[in-house]
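If you're matching them up, the sequences are chains A and B in order. Position 41, counted from 1, in the first sequence is what full-length UniProt numbering calls 41; the numbers after and before it change by one each time, with no gaps. Position 343, counted from 1, in the second sequence is what full-length UniProt numbering calls 343; the numbers after and before it change by one each time, with no gaps.
Check the hints yourself; a few may be wrong.
What the hints assert, rightly or not - In silico contact screen, one side only, chain A against chain B (beta carbon under 8 Å); selected entries: (1) 42; (2) 89; (3) 183.
What the hints assert, rightly or not - To spell it out: a stretch of chain B is covered by chain A in this simulated footprint if at least three of its residues, at any positions, have a beta carbon under 8 Å from a beta carbon of chain A; those stretches are: (4) 171-179; (5) 291-299.
Just so you know, the hints here were simulated from the structure itself, not pulled from any lab data. Glycine is no exception: its CB is placed at the ideal position from the N, C-alpha and C atoms.
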Amino acid sequence: MDRRTFVASLGVGATVGLAGCVIGDNGDESGEDINVGMVYSSGGLGDESFNDMAHNGVEQAEADFGISYQNAEPDSPADMNDYQREFAGSDEYDLVCCIGFDHVTDLVQNAQEFSDQQFVLVDAVAETEDGDLVENVDNYVFREHEGSFQVGHLAGLLTTMEFDHGGASTASEDPHIGFVGGEETAIIDRFEAGYIAGAEYADEDIEVSTAYAGSWDDPGTGQEIATTMYDNGADIVFHAAGATGGGVFEAAQSAERYAIGVDDDQSISAEGFSDVIVASMVKRVNTAVYESIESVVDDDFEGGSVEDLGLEEDGVEAVVGQDFEGELPEEITDALVESREGIIDGDIDVPEET
Amino acid sequence: MSSGEGGNGDDGETESGGSGGSSDADRGRGGDWRDRGRQTLDWLVNASAAQRMAISLAALVFAVIVGGILVFVSGFVATCRQPVLYIPLLGESCYNPAQVYWTMLEGAFGSTANLARTLQETTLLLFTGLSVAVAFRAGLFNVGTQGQMVLGALATGLALVPLGSVLPDSIIGMLVAIPLGLVVGAIVGGFWGFIPGAMKAYADANEVITTIMLNFVATGLAFYLVSEHLGDPGTGSVQTVPVPSVARLPPTIDGSRFSVIALVGALLVAVAIYLLYDRTVLGYELRTSGLQESAAEYSGVDAKRNVVTSMSLSGALGGIAGAVYVMMVHYRWQTGMPALGFDGIAVSVLAGNNPIGVVPAALLFGGLKSGSFAVDFALGVPGELVVVLRGLIILFVAMPEFFRMLGKYYDFGSDPEPVATDGGERR
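Construct the complete structure from the given sequences, taking the supplied hints into account.
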């Protein structure tokens, strides 16, 4: 895992270098004085999903506005407090981005102590004990259940039909799909609830297996769980498990079944598995990071607000994998468009809890 | 990696006569090479305290050099936004080893805030290191300190929450809350050590296996309890409600979560354990029971009970580490606790399982952890490379001591084999 991360970060570094040459010159340099501190969640960079998405957001901001930034990767939630304080206490950062819900308890305290520091929190809302929003924290949360409903709907439709494309296939008998979570937290419960509801929307009789790996960075366990699911007849497995999901893709390739990615369009970010990643539940963490930096560059940062992003705001979306674009049967794509509108209009009620 | 290199290399630097340094010529003469290995082990086992200290220092220097080369070479392979130096023909390097080490040193001791961070880590490692050392002294290998710490921390975190509304938020309240938190952590951690102890004593279950397994049980149990029943309903994280301020150890240095009270307490515990094992009858019995059960029984000691006692004591220290973590550092239990329990094993081995030796070993680990935090933060060096540096230093410093223990075990050196009747102790 560590080696993988290292190699991945080398890759990312190389891309940054190139991007710097190509885009940097054309960029708007208005943010040159802006310095951003990034504190990621404990899965770390190189997860090809959540944290890398946030990193993409800040890279894009660097290219567009000429800002500079500093990454910090906590090994465990216990380190988050140290990093937040280190950034906030140094007085050199205009904005500190805290990526992930594990930040919230420490951030509520630190944001009140460093009341001049601007913070962004992704995936949670910083509230004081009295229930007031902390004034200098801009919060971004996502309605993951809506996007998960969409991929659940897709998986449900696929497993009930004969489909053969890319590195895998499905059969129409015994409709069965799976879900692999990282840790069993409230947010991941939203993924699971939406996914199951979407599958049931497609067909009441679909069997959905669910399991949790207990970690965000344990691809070995992810692979074991997914292999068991595929062996038991699951056609498609959706993961919401950060770097653990890499194991799910491995399992999908060996079993020649499909998988659904999370956070990023993983058929691109984890390109080696694009032949089995039929779709991804994209959660635009990068947009959240980018927009918050943009607001600082434009000098209209608004603390104490909550941006609640769902399908309607394009905060979450079911994105078809790059190898499957235009290859899915029309009845499926039509059904997905329809259920998307249903959710946005409020005709379909997506549960937030299993 | 090259275990031989560590032992022999250091040896060559510190000893004038030169039994070390396996050069090519040595390798050519196979038997001779083996003899030299034996001589080296003999020498290591017989080394005086001053010589051992010199070996450790030489090893540290050696580790710094090897690590520096590694960082420097990696700098050419990596790509970065701002290269630090340019060498014609070779290209640009992203990392400057001298700068990395300087940042590390400064990050560990350079300011009061950094020093506080180092000592915070040191305090926790003292408790986990002592936990492992206590078991080792009794001939037991407790790999379960991590699990004992996790459950101790959880119990402390839960027990202290209701105190906020009962106790006055003053020194007096603190004098009640903090000892109470320590006791709760010690009892729960001690219980988690008692289980493998009893299994070892009465069912002959290997404590290495049972403690490893119980780590998983502890982590899973704590996660389940908190996520399903006892967690803070106000957050998406798997964590408990923060403990009230009356149960938080007062920070000694502003803005840092380090309390000198905890450090002094940890140092006192180290001395107490040293005295317990070297100066009391109970300590003597604990040592002999683990080393040679039959001999201990013969001399009228209840060896089985003592194995249970040792493991419970070890577990209690792990539990206290968890309690201190909650009351001084994190103010709540949260899933994904740092691996202090496992680091404690390395601390104890580095210290040769001597309770007093645990103090400098914990300080070294604490400084390295705090220093790598600074490197990760200030320079563009990837965290993984810093972990490699840290690992190299620990490996090099621990290797001579490891070989010494190995040599002792296989009866090298001039001293007689330790036996149960002298408590397995050598003077």
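Out of the numbered hints, which ones does the structure contradict?
Violated hints (numbers, rising): 4, 5; every other hint is consistent with the structure.
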